[in-house]
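Participant: For this one, chain A is given, so just place chain B on it according to the hints.
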Amino acid sequence: GAVVSQHPSWVICKSGTSVKIECRSLDFQATTMFWYRQFPKQSLMLMATSNEGSKATYEQGVEKDKFLINHASLTLSTLTVTSAHPEDSSFYICSARWGTQVDTQYFGPGTRLTVL
Amino acid sequence: AQSVTQLGSHVSVSEGALVLLRCNYSSSVPPYLFWYVQYPNQGLQLLLKYTTGATLVKGINGFEAEFKKSETSFHLTKPSAHMSDAAEYFCAVRGSGNTPLVFGKGTRLSVIA
Chain A
1 GAVVSQHPSW VICKSGTSVK IECRSLDFQA TTMFWYRQFP KQSLMLMATS NEGSKATYEQ
61 GVEKDKFLIN HASLTLSTLT VTSAHPEDSS FYICSARWGT QVDTQYFGPG TRLTVL
Chain B
1 AQSVTQLGSH VSVSEGALVL LRCNYSSSVP PYLFWYVQYP NQGLQLLLKY TTGATLVKGI
61 NGFEAEFKKS ETSFHLTKPS AHMSDAAEYF CAVRGSGNTP LVFGKGTRLS VIA
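Residue numbers (my numbering), protein chains in the order written: chain A, 1 to 116; chain B, 1 to 113.
No lab work stands behind these hints: they were computed from the structure.
Take every hint as true, because none was put in to throw you off.
Counterexamples of contact, computed for chain B against chain A with all Cβ distances above 12 Å: (1) Asn61; (2) Glu66; (3) Pro79; (4) Ile112.
Incomplete in silico selection of chain A near chain B, CB under 8 Å: (5) Phe34; (6) Gln42; (7) Ser43; (8) Ile93; (9) Gln105; (10) Phe107; (11) Gly110; (12) Arg112.
Built from N, CA and C at the ideal position, the CB exists for glycine as well.
Here chain A stands alone, though its shape is the one from the complex (with noise of 0.2 Å):
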């Protein structure tokens, strides 16, 4: 199957540093990406939804000048955490798809992110 990567696979950075999640479609061109956030022992809430060259459409209750969503290329999307803070501490799943149709989207192996 298709293969979605992330890295890093886990930071740890100071509150009011920024970090940067990068998303990878490693073997398909990702026309949308999907940027979901997980806390301890609950299920995936969706972020953020981008398309390739536009902007991305956030979730309501997302602050899209804390969490920067960039979807440069067909292959790339990358969640910047801008001053991050230790509320912002999460496990952070990319998903990717190709077109429209149903079984095509691809989740990344996730991203835990801890601020101190």
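Facilitator: The following block gives chain B in isolation, referenced to the frame of chain A:
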């Protein structure tokens, strides 16, 4: 809009026993339904999906699920639990077009030796 409800945040079964994880959905359009499994500190792995056609769907690792429109359900079953099945299971739904997956809250499956 679509949503899913997973009944039971934690299910515990004995090794070799039947596994039944419940999922009910709400959708204003014909739904596409999925079950994913997540092992600790890992991403999601697709177990199975229902799109159209046969309502009984077989997936990996011996799991299967049946789409029942009259009950708006898509319960996941496995005849005989194995220790390696212990994980978090998520039911998800989406509509047609470029819509994202919407996940349930998840059910943690524990398997007791």
